[in-house]
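Asker: Chain residues, written in single-letter form:
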Amino acid sequence: MMSKVISGNEAVALGVKLSRVKVIAIYPITPQTYIIEELAAMRDKGELDAEVIRVESEHSAMAAIYGAASTGVRVYTATASQGLLYMHEMVWWVAGSRIPIVMTVGTRAVGAPWNIWNEHTDFMSERDSGWIMTFASTPQEALDLTLQAFRISEDERVFLPMMVGMDGFILSHTKTRVYIPSQEDVDEFLPPRKQPYTLDPEDPVDIGNMFQPIDYMKFRHSIHLAMLHSIDVIKEVGKEYEKKVIPIGSYSTLNDSYKLDDAEYAIVSMGAWSLDVMQVVDELRKEGIKIGLYRIRYVRPWDEEDIKKKLGDKQGILVLDRSVSFGRGGHLYLELKSTLPEANIKGVVTGLGGVSIGKDMILPLTRKFIEGNTNNEWFYPSEVEKVELRNPRYIK
Amino acid sequence: MSLNYQYFPVSRPSEGGGGKTGNWRIVRPLVDLNKCIGCKACYLWCPENTIIPSDGKVTINYEYCKGCGVCSNVCPVKAISMVNEL
Ligand code: SF4
Ligand code: SF4
Numbered sequence: 001m002m003s004k005v006i007s008g009n010e011a012v013a014l015g016v017k018l019s020r021v022k023v024i025a026i027y028p029i030t031p032q033t034y035i036i037e038e039l040a041a042m043r044d045k046g047e048l049d050a051e052v053i054r055v056e057s058e059h060s061a062m063a064a065i066y067g068a069a070s071t072g073v074r075v076y077t078a079t080a081s082q083g084l085l086y087m088h089e090m091v092w093w094v095a096g097s098r099i100p101i102v103m104t105v106g107t108r109a110v111g112a113p114w115n116i117w118n119e120h121t122d123f124m125s126e127r128d129s130g131w132i133m134t135f136a137s138t139p140q141e142a143l144d145l146t147l148q149a150f151r152i153s154e155d156e157r158v159f160l161p162m163m164v165g166m167d168g169f170i171l172s173h174t175k176t177r178v179y180i181p182s183q184e185d186v187d188e189f190l191p192p193r194k195q196p197y198t199l200d201p202e203d204p205v206d207i208g209n210m211f212q213p214i215d216y217m218k219f220r221h222s223i224h225l226a227m228l229h230s231i232d233v234i235k236e237v238g239k240e241y242e243k244k245v246i247p248i249g250s251y252s253t254l255n256d257s258y259k260l261d262d263a264e265y266a267i268v269s270m271g272a273w274s275l276d277v278m279q280v281v282d283e284l285r286k287e288g289i290k291i292g293l294y295r296i297r298y299v300r301p302w303d304e305e306d307i308k309k310k311l312g313d314k315q316g317i318l319v320l321d322r323s324v325s326f327g328r329g330g331h332l333y334l335e336l337k338s339t340l341p342e343a344n345i346k347g348v349v350t351g352l353g354g355v356s357i358g359k360d361m362i363l364p365l366t367r368k369f370i371e372g373n374t375n376n377e378w379f380y381p382s383e384v385e386k387v388e389l390r391n392p393r394y395i396k
Numbered sequence: 001m002s003l004n005y006q007y008f009p010v011s012r013p014s015e016g017g018g019g020k021t022g023n024w025r026i027v028r029p030l031v032d033l034n035k036c037i038g039c040k041a042c043y044l045w046c047p048e049n050t051i052i053p054s055d056g057k058v059t060i061n062y063e064y065c066k067g068c069g070v071c072s073n074v075c076p077v078k079a080i081s082m083v084n085e086l
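In order, the protein sequence lines correspond to chains A and B.
Numbering of the first sequence is given in UniProt numbering, commencing with residue 1 and proceeding in unit increments.
Numbering of the second sequence is given in UniProt numbering, commencing with residue 1 and proceeding in unit increments.
Taking beta-carbon pairs under 7 Å as the criterion, some of the chain B residues facing chain A (in silico):
1. Q6
2. Y7
3. F8
Computed list of lysine-lysine pairs in BS3-like fashion (alpha-carbon distance at most 30 Å, straight line):
4. A/K218 to B/K66
5. B/K20 to A/K218
6. A/K290 to A/K235
7. A/K22 to A/K45
8. A/K22 to A/K175
Please keep in mind that the hints were generated in silico from the structure rather than gathered at the bench.
Cβ atoms here follow ideal geometry from the backbone N, Cα and C, with glycine treated the same way.
Given the sequences, and given the hints that come with them, work out the whole structure.
Answerer: So, in structure tokens, the structure goes:
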């Protein structure tokens, strides 16, 4: 194991290389482009023994690795924003076919209006597709989760594709110190891939054929059960990773927490700004306010049991969302509310489209919440500038 | 741990996946064995898997054949013609 100062994108590219991926489909979209450029460069230098397919769209990127993975090889691609939306159809085909695949999503706002900055709505809009969905909070975690994703996705109790989210720019482009495991450690952790069936001329099968309603429903049910069973697998793989690959993480639970045990109040968040929330927790603790952080790392599977256990007794829960379901509220808020219907939960939607939210904004927001003055709301850290807003005009 | 919750959506080629045809088919494929060169294109393409290669030629199982005409379309030497059922 060694350490280097690298960006989230570079960390992910190294993780993919260490996983001995055999087929990579590449299509550029900000902010993940850097990952696939790195992988292409690695291949160019002969460091990576993989087929790199230059496809003409994200839909084709997913289709290409879906086909390749169906033959039993380990595959990878990355996307973001409009690109993820464009591959949406294929994303469902892969999960429905029960093909293990790992993909990075460098999260980004969805147009219109055009915006290339960070937001989680693209990622969250795939949560019903049957993919396991995890979200990193540091470049280190992006690398760790990528390596674990291959193991989890290919486990016989799971056989579901997995996407690893990472805040666009905030993690993808920021350089920090990252521990990189050795190839030997990864090889020991990540055995060669197996899957229940492969495309093989000696034993022909048809994948994703037409199914009668009752069979179709049975398959959907099996995806649901595999998703639930993956909870144990994730914990097991996390523990092994902690022990054998990088002995510094905390992967024995799906979600992470900070100073939560004795807390009366909790903040729930996901992704990079959770580190800002940790500072907020420290600050408020100095003032004697018992508060802690519950960090969502897995959106799917949803660790209902752990959430009930860790948050069930809290006096108040503030959920920070960087994504929104229009007319309803933040996605995490809605998930939390359905898990703990009796609890005092408030949701704040903020940070959309790259609005910069740091400790100095979360602190007053949290104070207001503890004082009991927060309703479910949208939080703007500064004045909104009107570029050009038209009044409705009616054409005669 | 039992894995019996795991199901995978695959199917294998089998004769007459759509069931027996009954009497609703209106055209049937007729193979001109003098023209047939035994390339098996019709066998590969038949969605009902009702074409059986034998002795370098092909025969068709009309119990399952739906009369879709795919075989007739793909035959490179136009050995299959679709004829009226009655
Ligand atoms: S008509 Fe259709 S179903 Fe019948 S043999 Fe030809 S391809 Fe098969
Ligand atoms: S496609 Fe035509 S030539 Fe080829 S095996 Fe069938 S009938 Fe014969």
